Amino acid sequence: MMMLRTATVSARRCFTSSASRPLYIHNNLQNDQSHHLPNGDPDAKWYDLRSDTVTAPTDEMFEVMKNATRNDSVFEEDASVHELERHVAELCGHEASLFCASGTMTNQLGLRVHLTQPPHSVVCDSRSHVHLWEAGGIAFHSRASVSPVIARNGTHVTASEIEGNLIERDLHTAPTRVVSLENTLSGMVLPIKEIQAISDMARDRGLAMHLDGARLWNAHVASGVPMHDYGKCFDSMSLCLSKGVGAPIGSILVGNRDFIDRARHFRKLFGGGWRQAGSIAAAAKFCIDTVVPTMAETHALTRSLADQLVDMGIDLQCPSHTNMVLIDTARAGVSVQDDLIPALLRKNIKIGGMGSKSRIVLHHQIDQECVDAMIQVFRDVVSQHNTQRFQQEEKPVAVAL
Amino acid sequence: MFSSLLKCRRVFLPKHSQLCSYSVVSKEIYDISSDTATKPTDAMFDVMKQASKEDDVFGMDSTTNSLESHVAKMLGHESALFCASGSMTNQLGLRVSLKQPPHSVLADARSHINLYECGGLAYHSQAPLTAVMPRGAHLTVHDIERHVIKDDLCGAMTKVIAVENTLNGTIMDVNELQSISKYAKEHGYLLHMDGARLWEASAAKNIPLSAYGSLCDTVSVCVSKGVGAPIGSLLVSDNETIRKARHLRKLMGGGWRQSGGLAAVADYCLENVLPTMKDTQKRTQRLWEGLEELGMKALLPVETNMIFIDTRGIIPMKLWANHLLEYGNIKIDASDDRASRIVLHYQITDNVVDLMLDITRKLIHDAGTKPDDGPTPVDASHIYPSASPII
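Just so you know, the protein sequences line up as chains A and B, in that order. Under this note's numbering, the letters of the first sequence match residues 7 to 407, in that order. Under this note's numbering, the letters of the second sequence match residues -12 to 378, in that order.
I should point out that these hints are in silico values taken from the structure, not numbers from a laboratory. Being a predicted model, the structure only gives us computed values, none of them experimental. Please note that a few of the clues may not be correct.
Said to hold, decoys possible - Simulated pairs of lysine-lysine, DSS-like, Cα-Cα distance not exceeding 25 Å:
# : chain 1 : residue 1 : chain 2 : residue 2
1 : B       : Lys26     : A       : Lys72
2 : A       : Lys353    : B       : Lys40
3 : B       : Lys60     : A       : Lys356
4 : A       : Lys51     : A       : Lys238
5 : B       : Lys40     : B       : Lys237
6 : B       : Lys172    : B       : Lys60
Unchecked claim - So these bits of chain A aren't anywhere near chain B, every CB distance computed over 12 Å:
#  : residue
7  : Asp49
8  : Thr59
9  : Arg76
10 : Ser79
11 : His93
12 : Leu115
13 : Gly160
14 : His178
15 : Gln202
16 : Ser285
17 : Ala306
18 : Gln314
19 : Ala349
20 : Gly361
21 : Val377
Cβ atoms here follow ideal geometry from the backbone N, Cα and C, with glycine treated the same way.
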């Protein structure tokens, strides 16, 4: 039976990595977090839409931090850290969790614990953060290869695509050990039904399921799927607290007790054993309680922004489901880099981007006023170029999406 | 008579102290098992509020950048990188110097890098560690010379020499460090210093940090120990090395976002807590002298803020620890029944030292001196951190 499956699956391997088309990441590589000197009004409020990692701690958060416990969390003695870890574990329907300094750390720890001995590999979406943005962490920390899968529908990978890229055990291979999914990915929601199908398929084959849920909160709010329903499908989940959730620092890894114990040991190895982390944990818990409920509003603002941009003739690189709008302004005849970024900076609004592409990210510190101002700037820039184009009869650049 | 304010229901062990741990309602516990116990104060949270709030992954946070530049200067270097822990800064410091295997690091056998970083050197840098037991209190050129690996056929050649200062609370002589630095340069080795407690050495000897720091290629200094900040450590070196270390830090998952608050606290501590280090050291001397009067011995010289106390023949360790906790809320490490490492810091005041000596004096008086445990000397190699006797 095993042999038969091997033959069937090998024949279906897709080798999709070679044709991986760069998404916003490569386009924004140099300019996404631009170091332009702002030349807007220095006294007026600044709006930063380059990423939701820019969410800044508020005065209220510092009060919360002051009232947190102040014990050593390397020795697991801090109540505030326990409180956060217990809360998130419970929310996700898991036994335990581990509070760490970053999403890269929680992702790499999660994968590391699953990947016990080479040869082994991870299968994931070709656009995944764990594959592209963690400095080669999977190879470094776990000595594992990656099978990147291209999502043919442009939004999310499917169970059959994942299955088609699994590597079976063989003399020559690094067999798949973990399926790593990302939700949201570029702001797009991975539907729960698809996740369940992938999870069933993976567990059937004895593979571990890991989720890079840095923005799972957004998926949860947008789809209405409870966190613990996602939790059921995964052996481990990495959830970020420093992005849309709004805390200054941190990410949390969720799993069963043994898994988290092992991850804790690895965390020390990674240099992530931090001492009096209670205040940071308290800030994170506070944000989960107060900021996550505002995500629906952020999503609504994003929807409004996206719709208005599309009306102006600006294309979307991919569907906008939650708090991100990935635009391509080529057809509208304007440059993000040369026209829009400077114009927005003059209005105290920061976005990232390169060429004609940009990833605009909203969060709880972006309000209606900001979106209105942005729309105005976009309108002005686009209409200016339309006028020029009309005058010069310039051909618009064709965009293949 | 001291009334028991907090009864500890279990025999004290550091890991399972949840029952006895700090709570807002009960009285404060004086933890002298490590200087990592320094707790953040209310004032520090006010300082945090004023910090900048930019993203440090992109190197854009001004408070963090300012701390890094300040500490780099203090140590006689160009640049620094603020990280979550000393293990991270040590491992990064070594990692940047270890470019390609086969390669190895030579270090003191008792060092933190060798024993307490979860095998980080092998893991992060694919390098074995040549663990040298120095003949004296610290590594010397002589020790190093005898153990460097130069074999390029079968060996993993030494690339980095790692020293620790202070080690087990004892100070590495700056002249010896100069000799080691000179030797390293002559033979093409890089020199890394685990200076988690370098501040202690500098305070005790009145020698500027830069006098030690500038002798080394990379230095790791902790702000979460005696310096008093809740979290953090810095790696210090030249611009190019730190740039590379920043990239590696991301790989290790150390790329944190709005670190300004933590950096502001570290800066505050350098300004307000660091100058009190000499007082803490004087207090440590006083405590040691008091315990010595009661017949106890020290396994290592008391030079900074640590006492490796040997209670054999005077009082059983666990009895002492339980009494200190019950009658004084003083927590010591009692995981070994023969010796313990006592570490003072600025939050342990004169009152606590007096209390400790009073309780101990009374206990010894009431319990009577116990006969010697036996003729064999204490095998100190089992004690954390291994304070092996000088051979």
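Hints, one by one, checked against the model:
1. The straight-line distance between the Cα atoms of Lys26/B and Lys72/A is roughly 12 Å, inside the 25 Å bound, and the hint therefore holds.
2. Only pairs whose Cα atoms come within 25 Å are accepted, and Lys353/A paired with Lys40/B is accepted, the gap being roughly 21 Å.
3. With a C-alpha separation of about 33 Å, the suggested pairing of Lys60/B with Lys356/A is violated against the 25 Å cut-off.
4. Distance check on the hinted pair: Lys51/A and Lys238/A sit about 42 Å apart at the alpha-carbon level, beyond 25 Å; violated.
5. Distance check on the hinted pair: Lys40/B and Lys237/B sit about 19 Å apart at the alpha-carbon level, within 25 Å; holds.
6. For the hint pairing Lys172/B with Lys60/B, the CA-to-CA distance comes to about 22 Å; that is within 25 Å, so the pair holds.
7. At roughly 17 Å from the closest C-beta of chain B, the C-beta of Asp49/A stays outside 12 Å, upholding its exclusion from the interface.
8. The Cβ of Thr59/A sits about 5 Å from the closest Cβ of chain B, inside the 12 Å cut-off, so the non-interface label is violated.
9. Not every beta carbon of chain B lies more than 12 Å from that of Arg76/A, the smallest distance being close to 4 Å; the non-interface claim is violated.
10. Look at Ser79/A: its CB is around 9 Å from the nearest CB on chain B, not clear of 12 Å, so calling it non-interface is violated.
11. Listed as outside the interface, His93/A is consistent with that label: its C-beta sits roughly 17 Å from the nearest C-beta of chain B, beyond the 12 Å cut-off.
12. Distance to chain B contradicts Leu115/A as a non-interface residue, since its nearest Cβ pair spans about 7 Å, not more than 12 Å.
13. A cut-off of 12 Å between C-beta atoms confirms that Gly160/A is not in contact with chain B; the least separation is 28 Å.
14. In this structure His178/A is separated from chain B by more than 12 Å, as the shortest Cβ-Cβ distance comes to about 24 Å.
15. Listed as a non-interface residue, Gln202/A keeps its Cβ farther than 12 Å from every Cβ of chain B; the least gap is roughly 29 Å.
16. At roughly 7 Å from the closest C-beta of chain B, the C-beta of Ser285/A falls inside 12 Å, breaking its exclusion from the interface.
17. Distance check for Ala306/A against chain B: the nearest CB is about 25 Å away, which clears 12 Å, and the non-interface claim stands.
18. Every beta carbon of chain B lies more than 12 Å from that of Gln314/A, the smallest distance being close to 28 Å; the non-interface claim holds.
19. The claim that Ala349/A is not at the interface with chain B holds, since no C-beta of that chain comes within 12 Å of its own (minimum 22 Å).
20. The beta carbon of Gly361/A is kept farther than 12 Å from every beta carbon of chain B, the shortest such distance being approximately 20 Å.
21. Every C-beta of chain B lies more than 12 Å from that of Val377/A, the closest at about 22 Å, which supports listing it as non-interface.
Going down the numbered hints, you'll see the structure goes against 3, 4, 8, 9, 10, 12, 16, while the others check out.
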